[in-house]
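Residue numbers (our numbering), protein chains in the order written: chain A, 420 to 758; chain B, 4 to 288; chain C, 981 to 1310; chain D, 6 to 342.
Hints may be right or wrong, so weigh each one.
As the list claims (entries may be wrong) - Stretch-level coverage of chain B by chain A, calculated; a stretch enters the list once three of its residues show a Cβ under 8 Å from a Cβ in chain A: (1) 144-154; (2) 191-198.
Claimed, not checked - One side only, chain C facing chain A, incomplete, derived with CB under 8 Å: (3) 1246; (4) 1260; (5) 1266; (6) 1267.
Stated by the list, open to error - Between beta-carbon pairs, the in silico distance windows are: (7) D:256 x C:1058: 31 to 41 Å; (8) B:97 x D:230: 24 to 34 Å; (9) C:1062 x D:150: 38 to 48 Å; (10) D:230 x B:137: 38 to 48 Å; (11) B:6 x C:1066: 35 to 45 Å; (12) A:573 x D:174: 36 to 46 Å; (13) A:456 x D:330: 22 to 32 Å; (14) D:102 x B:36: 20 to 30 Å; (15) B:6 x D:230: 22 to 32 Å.
Just so you know, the hints here were simulated from the structure itself, not pulled from any lab data.
Everything numeric in this text was worked out from a predicted model, so none of it was measured.
Even glycine gets a Cβ: it sits at the ideal position worked out from N, Cα and C.
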Amino acid sequence: MSANEKLLDVQHVTVEFHIGGLLAGTLLTAVNDVSFSLESDKPEIFTLAGESGSGKTTLSRLLLRDLEPTRGKVLFEGRDVSTIRKRSEFIEFMKQVQPVFQNPFDTFSPLRRVDAYLFDTVKNFGMASNRRDATRIVDDALRKVGLSLDEVRQRYPHELSGGQIQRVSVARALISEPKLVLADEPVSMVDASLRMEIVNLFKKLRDEQGVSVVYITHDLATAYYISDRIGIMLRGYIVELGPVEDVLERPAHPYTQLLKESVPEPAPEKRESWAKHIELGTTEVKEYGRIGCKFAGRCPQVMDICREADPPDVQVGRQTVKCYLYAEHVEKPQAGAQP
Amino acid sequence: MLKVLRDLLRYDGRFRLAIILLGGVAAMVLLSYDSPYDPGKSFVVPWDLPPSREHLFGTTSRGQDLFWWLTFAVRNSLYLGIVTAIISRVISVLVGLTAGYRGGWIDRVLMAISDTFVVLPLLPILILLSFLLRDSMNLLNLAIILGLFGWSFDARLIRSQVLSLRERSFTRTAIYSGTSGFWITINEHLPFVLPIVFATTLNNILWSIGMEVTLSVLGLSDLTTPTLGTALFWANQHGALVAGVWWWITAPAVVTAILFLGLYLLFTSINEFIDPRTRLRLIGG
Amino acid sequence: MTLLSVQNLHAYYRTEAYGISRTVRAVDGVSFDLFPNEIYGVAGESSCGKTTLIKVISGSIKHPLKAFEGSVNYNFGDYKVDMLQISQSELRRNVRWKRISYVMQGSMSVLNPVRKVIKTFEDIVDTHEHITDKNEFLQRTRTHVNRLGLPTDVLNAYPHQLSGGMRQRVAIALATVFQPALIIADEPTTALDVVVQRGVLHMIKDIQATSNNTVLLVTHDMAVHANVADRVMIMYAGRIAEEAPTESIFNAPLHPYTQHLINSLPVIGEKSTKASLKGSPPNLADPPSGCRFHPRCPYVMDECRTVAPDLISVKERHRVACHLVKEGSQ
Amino acid sequence: MRKFILRYLIPRIIQYLTLIFVGITVTYIIPRLAPTDPVEAQVSMMIARGNTLDPQSVESMRAALTDLYGLSGNPVEQYFAFWGRLFRGDLGPSLNNFPTPVSKMIGQALPYTLRLLIPAVVISFIFGNLFGALSSYYPANRALNVLEVVGQVVRSIPYYIVAIVLLVVFSYFIPIFPFSGAYPIGTRPDWSSIDFILTYLEHAALPAATLILVGFGGWFVGMKSLTSNIISEDYVVYAETAGLSKNRILVQYIMRTAILPQFTALAMVLGTVFSGALIMEVVFGYPGIGSLAIRAIYNNDYSMIMGITIYSIIGVATAVFIMDLLYPLFDPRVRYQ
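Here chain A stands alone, though its shape is the one from the complex:
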């Protein structure tokens, strides 16, 4: 592996789905010309944030090689993952890239004991040659997440709390000592009093184990709390990407601005700004089919050009923003944009 090779390099990927119909049907672009990369020498937590239908889950399946892109490439350590064909290659890939899923109560079969999955992972990845080694590896992995084998041995999922299962799920992902963990909404179904424990775990992974994390969420507050960089997704596009402090403290894209403003803050004295009236489009469902910027229908600063063609990616400070407001040659409206 050469020194400047990226851990994960997503190059202009597009995923199109055909919906319905043997003969006709509509084409839905779930992920649209998305590019970003993670460095291999600097572990980081990279957040993909967006609302339902923004394409973040499709993108995560793509990174896990669960789906193939219609166009573009996903490179992991320089290798195009869609060229993985043989099972042995796929096993090697999975040892490096592991998922953590959203619903803790669905991550493990309710009719199987959770430790079975841990031992399966050890066995399938050839991590141990005998039962004693396997037990040690499983116990080590559980200790990394603040549990021990004694606490989960012979337990069914319903005998553990959501927070515990989610930690077991992370422990399972850690067994093969991966370089990248993909966590799809890992805390959205975990109770508030247990949530931060899981979130802190990802920080610990990055700092102590050197694992990079792609964190997929709709929750901007936890995203801000743990991540280094963030990409905001809207209807298949990454509309804004950059260091999390810049993107969330000084959002450039009007959509990011709306999103951030809509997150309720746990501070009653700040009610006023949140309570400012917003226009809710009745056409939320139709945004996918829109030509040009998908946000044009709701954007307070919309211009004619926004409805004509996809906006370009513009560098604004440390952020990359997909918006005509920042494109040089475009005539800006009188009202002007915020800084």
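Put chains B, C and D on the given structure of chain A with help from the hints.
Only chains B, C and D this time, still in chain A's reference frame:
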């Protein structure tokens, strides 16, 4: 296992009744091994005797003791039902799991075939088939034919279950634990599919015994083998009702009804018990 | 005057299957009052009893749920009733929808999937006011829906043709056709995106502000309470941990559980480390002795393990159940 | 509309054609699996039974049989010739009533079967679903519980046994209903006479009752399990909370959605019910397709059996197809995608 039986016996009236009914049927099957009469022989007892202590279900116009003859009939009908169920279960599980887990064109082709089998009017086809194969029709062949026709609906059921299981996160967890498709099917999916397999087994036994009765009454099975169907066939042949030998028709009908009722009750009661939802409720999930 | 007074309510689920019987003490000694013209928030984690509480006060008690003790008294001014004694027919005739309406958890699926939205309005209005003039009804419904900012087209749509946010707003429109004295909203925005959530909560606030009725808002999301509720009750394991005006809850929480809930919330613009509580929420089939929070409490004392603390008033409208806090003190 | 045609109509037309194609192909293949030469076996059987046939008839019968089995030419030609005859509606002459065409005899018997089958299906469908829904909505009602037990019991027992039991009870021990036939032997069908229609109904009572009973049980149990799921759906709970009357909830909220899968199920079981009707006719000596079939079996009338099979497949497939086409009328979720 014993605890399950005890719980069911104690808390489920349907299960108790099923055990009593099927216990009677099982006793008949066992008794057939110690029958004083050869079911193949006629006129071994006086004919047309009504039920009495000596001849529990009476005797037929062909001079056979109906009770002892029916012990063989029950045994053979059950044998047919079980063989049919095994054959059709194997097909339906294979088709259902394959179609569900593989998806794509394999799924579409398999489901087109199974839909056709679901909708086709089976009786006329079976009549045609049995009619042509009448000379070589024995119990085993009939079981095979019924098995080949009786899998489609259950395959569809299993497929739809697997389809939904495939979308569950734990399937993906297993995939990223490096587990192969075969073991995912066995470890993750089969435990959910087994209750369906079990429930449909009992249902399929009922169906095939019923089909045998139907075909026999039409004179299309091997009429020399005593079964519940051939019992009714011979009673009809001898105009039992017109001749006043009502027990000849009534006894097999009642025995069949008891067998069906017993299996059906067993099916509903166990079905509820092994339903994953009930099981989860029991283990406190 | 109080609109609703709940006294010492105990409501348990009792199930029996194959000889295993379980009692889940979902609501175990809850007392509180609701006043006219306020938004009262109920917060708590999953299975803390908040959904059960709603079932009891809305009169939807069904086996295996049973209220074993306590009273639930409503005073609508012209009409007073005890929810635990009321007959089904009276409940339907006098209370449901005209005085208490309900925005359910998962409201996305409250609309009959095979009928147009207008039909659901028709069913509800006809049930309570007997529609005689169809045109007048249509006119009135259109006006009502318009006033809430929804296009009239939604009335002629089937539910599957509407987006989730729109369905949720239709459900709120349905809940407000009769200007009820109390609107119970159970996790009304849980499945919605933040932008839509904001719009839906605005709608609820606007309705309350114009009709001056009472809204009981149940959600696990503390940030929503901070922005919407006037008073907040924090439930833990079937009991009230703390109840106070929103500002006091957020700025001067007294119960260690409330303190944790608020301090552990991540906020944009602040990166200090937040911690989780140890342990897990208790199983209500077998709750801990004494204070139910004691196994997880960072300040646990001997007393907490054996004696359940009473819910005491520390100052006006601020009640808390914790041995650390003594009556009248802070 | 275009979407509807592409997504709903075309797949169903394809399914309909597949169904007929597979069914007919199976009927075509089956005789070829028989171990003996079916033509010679049939002819010798007819002669052995002492049917007085002149040599010319025997020859034309042999030709008809060869043609019917499609045994001239190579298998591909045979297969196409087989389809060709089907399209002409020509299923050859009945061997037993030579040379009356099979189609004509089936045409005469069919109305009897349909007059038995259609009312029975309609009645059992309506009442089974109605009481099934009622029973899950009013779980404490004694009468409904009794009805459920009856439904469960009858549903599990094959048509034939139920028929026999009814026959033994209601025409042997308590002779209320006639033993067999569609009307007394010796009378001529006269549809203008009230008396005739009454005896006709009297004769149809037991076979129809059997079909209705078994069908009732099936629909009852099916509807009960469907509705017991729907009862806990959000929109039903919501309607209850909103104080709607029980009747309105039952009809507009519960049954209206639960009935939709039942329509689909109806299409699925048509083949089975049709088979059941055939059995009824045999038990009660009722003139119809079933009686035609059993006579054909006794008389080795191969072409008749073949004809019945083919007509049944086409008939059931068409009925299922029509029901599929009507389905969107009831379900807006299909209508407005």
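A quick look at each hint next to the structure:
1. Note: the region 144-154 of chain B has 0 residues with beta-carbon separation from chain A under 8 Å; the three-residue rule is not met and the coverage is violated.
2. With a cut-off of 8 Å between beta carbons, the region 191-198 of chain B has 3 residues touching chain A; three or more are needed, and the interface restraint holds.
3. Here the hint on residue 1246 of chain C is kept, as its CB sits about 4 Å from the closest CB of chain A, short of 8 Å.
4. Among the interface hints, the one on residue 1260 of chain C holds; its C-beta lies about 3 Å from the nearest C-beta in chain A, closer than the 8 Å criterion.
5. Evaluation of the residue 1266 of chain C hint against chain A yields a violated restraint, the C-beta minimum of about 13 Å exceeding 8 Å.
6. Taking 8 Å as the C-beta cut-off, the interface hint given for residue 1267 of chain C is violated, the closest approach to chain A being about 15 Å.
7. Evaluation of the 31 to 41 Å hint for residue 256 of chain D and residue 1058 of chain C yields a pass: the beta carbon distance comes to about 34 Å.
8. The supplied range of 24 to 34 Å is met by residue 97 of chain B and residue 230 of chain D, whose beta-carbon atoms lie about 27 Å from each other.
9. The hinted window of 38 to 48 Å between residue 1062 of chain C and residue 150 of chain D is violated, with their beta carbons roughly 33 Å apart.
10. Between residue 230 of chain D and residue 137 of chain B the Cβ separation comes to about 40 Å, which falls inside the hinted range of 38 to 48 Å.
11. The hinted window of 35 to 45 Å between residue 6 of chain B and residue 1066 of chain C holds, with their beta carbons roughly 44 Å apart.
12. Look at residue 573 of chain A against residue 174 of chain D: about 58 Å separates their beta carbons, and that is not inside 36 to 46 Å.
13. Between residue 456 of chain A and residue 330 of chain D the beta carbons are some 54 Å apart, a value that contradicts the proposed interval 22 to 32 Å.
14. Checked against the hint of 20 to 30 Å, the C-beta distance between residue 102 of chain D and residue 36 of chain B comes to roughly 48 Å, which is inconsistent with it.
15. Here the CB-CB span from residue 6 of chain B to residue 230 of chain D is close to 28 Å, well matched to the stated 22 to 32 Å.
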